[in-house]
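Work out the full structure, taking the sequences as your base and the hints as a guide.
Protein sequences appear in the order of chains A and B. Sequential numbering of the first sequence, starting at 1, is according to the numbering used here. Sequential numbering of the second sequence, starting at 1, is according to the numbering used here.
Simulated from the structure, these hints should not be mistaken for laboratory data. Note that the coordinates shown come from a computational prediction; the quantities given were computed from them, not determined experimentally. Here a beta-carbon is modelled for each residue, glycine too, at the ideal position from N, C-alpha and C. Certain hints may be false.
As the list claims (entries may be wrong) - Residues from chain A that keep clear of chain B, each with C-beta distances beyond 12 Å, as calculated:
#1 E292
#2 A307
#3 V313
#4 R340
#5 K405
#6 E420
Said to hold, decoys possible - Covered by chain B, per the in silico footprint, the following chain A stretches (three or more residues, Cβ under 8 Å):
#7 83-90
#8 325-334
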Amino acid sequence: MVKEYFFEEADRTNAFITRLDLAMYEETGGPLEGRGIAVKDNISTAGIPTTCASRILAGYVPPYDAHVVTRLREAGAAIVGKTNMDEFGMGTTTENSAYGPTTNPHDASRVPGGSSGGSAAAVGAGMVDMALGSDTGGSIRCPAAFCGIVGLKPTYGRVSRYGLIAFSNSLEQIGPLGKTVTDVNTLMSAIAGPDPRDTTAYDRPYTHTPSGDIAGMKIAVPDEFFGEGVDPAVAESVRTAIGRLEDAGAETLTCSIPSMAYALAAYYVTCMSEASSNLSRFDGVRFGPSVETKRSWHDEFRDHRGALFGKEVQSRIMLGTFALSAGYYGKYYAKAQVARENVRRDFLRIFKDADIIAGPTMPQIAFKLGEKSDPLSMYLADILTVPANLAGVPAISVPCGTVDKMPVGLQLIGRHFEDERVVDAAFAYETGVA
Amino acid sequence: MVFENDVEGIAKLADIHIQKEELAEFTSRFNHILEYFDILDTVSEGEEGEADLVNVLREDEVTPSLTQEAACANAHETEDGYIRAPRVM
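The structure is reproduced here in C-alpha cells:
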C-alpha cells in the first residue's frame with residue numbers, strides 16, 4: 001500500500017534543490033519503511049527533476065530510477081528531495097552550484113563541504129536521518145566531516161552506479177551519509193547489491209550488523225596524514241581519537257604512503273580526463289535547455305556549453321581535453337595512471353600488516369564561505385581523501401570532536417570489500433565515546 | 001606553460017565557447033594548475049595496473065528498455081518519435 005510522508009522541516013541551509021513536501025512510500029516491510037531519505041541531485045530519480053546543480057540540466061526529469069533509488073523504494077523509503085551539490089560533483093564546498101551555496105548547519109558563515117554538501121547539511125541540520133551522496137575524491141567524507149555526521153565511500157564496485165550521472169567513472173561510488181554509524185550501515189544494506197546494468201558492480205551484497213569489538217584490530221597511521229598543511233589542532237583531535245581505538249583493544253603501527261607526494265595530481269588529471277569525455281553528452285539535444293536546430297552543430301553546441309556550464313566545469317573539461325591530447329597524453333594521463341597504480345600498491349603493502357588505516361578526513365575544519373576562491377587551493381584540501389578513490393578501497397568519516405566549535409572527522413580506510421570492518425571500527429569509536 | 005592561443009585551441013577542441021575577455025583568466029588558472037601537475041614528472045616508469053580485471057559480457061539480445069516516448073520526453077524538438085538535432089554539415 002502507498003502511504004504519505006509529510007516532509008515539513010524548514011531548509012535553513014539551502015540543502016535541497018528540489019523538495020517534496022508530500023513524499024510517498026510503499027509499505028514493503030523493508031528496513032527503511034516510512035523513513036525520509038534525501039538523494040544527491042546527480043542520482044537519477046524517475047519523475048523528480050535531477051539537475052547536477054547545473055543550468056545545463058535545468059528542467060530535466062529522468063525517465064528512470066538509478067539502481068540505488070529502486071532499492072530505496074523497495075526498502076520502503078520516502079524520497080523527500082534532491083540535494084544541492086557542486087555542479088556535477090566538481091568542488092569541495094558546495095559553492096559551485098547554479099542554485100546558490102549550501103551553508104554549514106553548525107555555522108552559517110561556513111561551507112558544509114562538498115560535493116555532497118546538501119546531503120550532509122540535510123542530515124546535520126536534522127531534516128533527515130540519512131541521505132545518499134557520491135564520492136569521487138572525498139565528496140561524501142568531506143561534507144560528513146565538516147557537518148559532524150558519518151559518511152561512507154564504499155569499495156569501488158560494491159554499489160551500482162547505474163543512474164548516477166557520470167563525472168569520473170573509474171573513481172566515483174554512491175554511498176550513505178547518516179547521523180550515526182548504525183544509520184549508515186542500514187542505508188548501505190539497502191543500496192548494495194548486484195546490478196547487471198553496471199558492469200563494474202560486483203555481486204557482493206551487504207548484510208552486516210555493526211560490532212564494536214575491535215580487540216586485536218591493527219590500525220596503521222601514515223605519517224603523510226599528519227604532515228604539512230594539516231591543522232595541528234585537527235591532527236591532535238584525530239590522534240586522540242586513534243588513542244580511544246587503542247583503549248578499545250586495537251593495536252596501532254606507523255606506516256608511510258610515499259605515493260601521496262603525487263596522488264593529488266594523479267587524481268585531478270584522471271578525473272578531468274574522464275570528465276572531458278563524460279560531459280560531452282550535454283549537447284542540448286536530448287535533455288536540458290534546448291539548442292537552436294537551424295544552426296550548425298558545432299556552433300550551437302559550443303555556445304550552449306559556453307553559456308550553461310559553470311566556470312569550474314568548463315575549466316575541468318578543457319584541462320581534461322588538454323591532458324588527453326596528442327603530445328601531452330604521455331606527460332599527464334599516462335603518468336597519472338602509473339601514479340595511481342603506485343597508490344594502490346602502497347595500500348596493498350600496508351594492508352598486509354594492518355586491517356585499517358586511520359587519519360584525519362580533512363586537513364582543516366570547514367572553510368568560511370568564499371575562503372577557497374583559488375581553484376588549486378581548493379584542490380589541495382582533497383589530499384587526504386583522494387588516495388582511497390585512486391585505490392578503490394572503502395573509507396568512512398566519523399565525527400571525532402571539535403576544533404573552534406566545528407566538527408572534525410576521523411577517516412578509517414579498509415581493504416577492498418571490507419566495508420564491514422571499516423564500519424565496525426567507526427562503530428567502536430562512536431560507541432566508545434558515547 | 002600554455003598561452004592564450006593554446007587555451008583558445010583547447011576550448012575549440014572541447015566545444016566550449018569562451019569569451020575573449022575570459023581568456024586571460026583561464027590561461028593563468030590553467031598555468032597555475034599545470035605547474036602543480038608537473039610533480040607527475042617525478043613518477044618513475046612503472047606499470048599501469050588492474051591486471052586482475054575480467055570482462056563482463058552478455059549475449060547481444062534485445063532486452064526491455066525505455067519506450068521511445070520516454071526516451072524523447074526531455075527533448076524539445078521531436079518528429080515522428082525521433083529527436084531533432086542541429087545540422088551536422
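So, going through the hints one by one against the coordinates:
For E292 of chain A, the requirement that its beta carbon stay farther than 12 Å from each beta carbon of chain B is not met, with the minimum near 7 Å. Against the 12 Å criterion, A307 of chain A falls within the reach of chain B, whose nearest CB is about 8 Å from its own CB. The non-interface label for V313 of chain A is inconsistent with chain B: the shortest C-beta to C-beta separation is roughly 9 Å, within 12 Å. The beta carbon of R340 of chain A sits about 7 Å from the closest Cβ of chain B, which is not more than 12 Å, so the claim that it is off the interface is violated.
Non-interface call for K405 of chain A relative to chain B: holds, since the shortest CB-CB distance, roughly 33 Å, exceeds 12 Å. Distance to chain B confirms E420 of chain A as a non-interface residue, since its nearest Cβ pair spans about 21 Å, more than 12 Å. Taking a C-beta to C-beta cut-off of 8 Å, the segment 83-90 of chain A contributes 0 residues in contact with chain B, too few for the three needed, and the coverage statement is violated. Only residues whose beta carbon comes within less than 8 Å of a beta carbon in chain B count, and the segment 325-334 of chain A has 4; three or more means the coverage holds.
Comparing the model with each earlier hint shows violations of hints 1, 2, 3, 4, 7; every other hint is respected.
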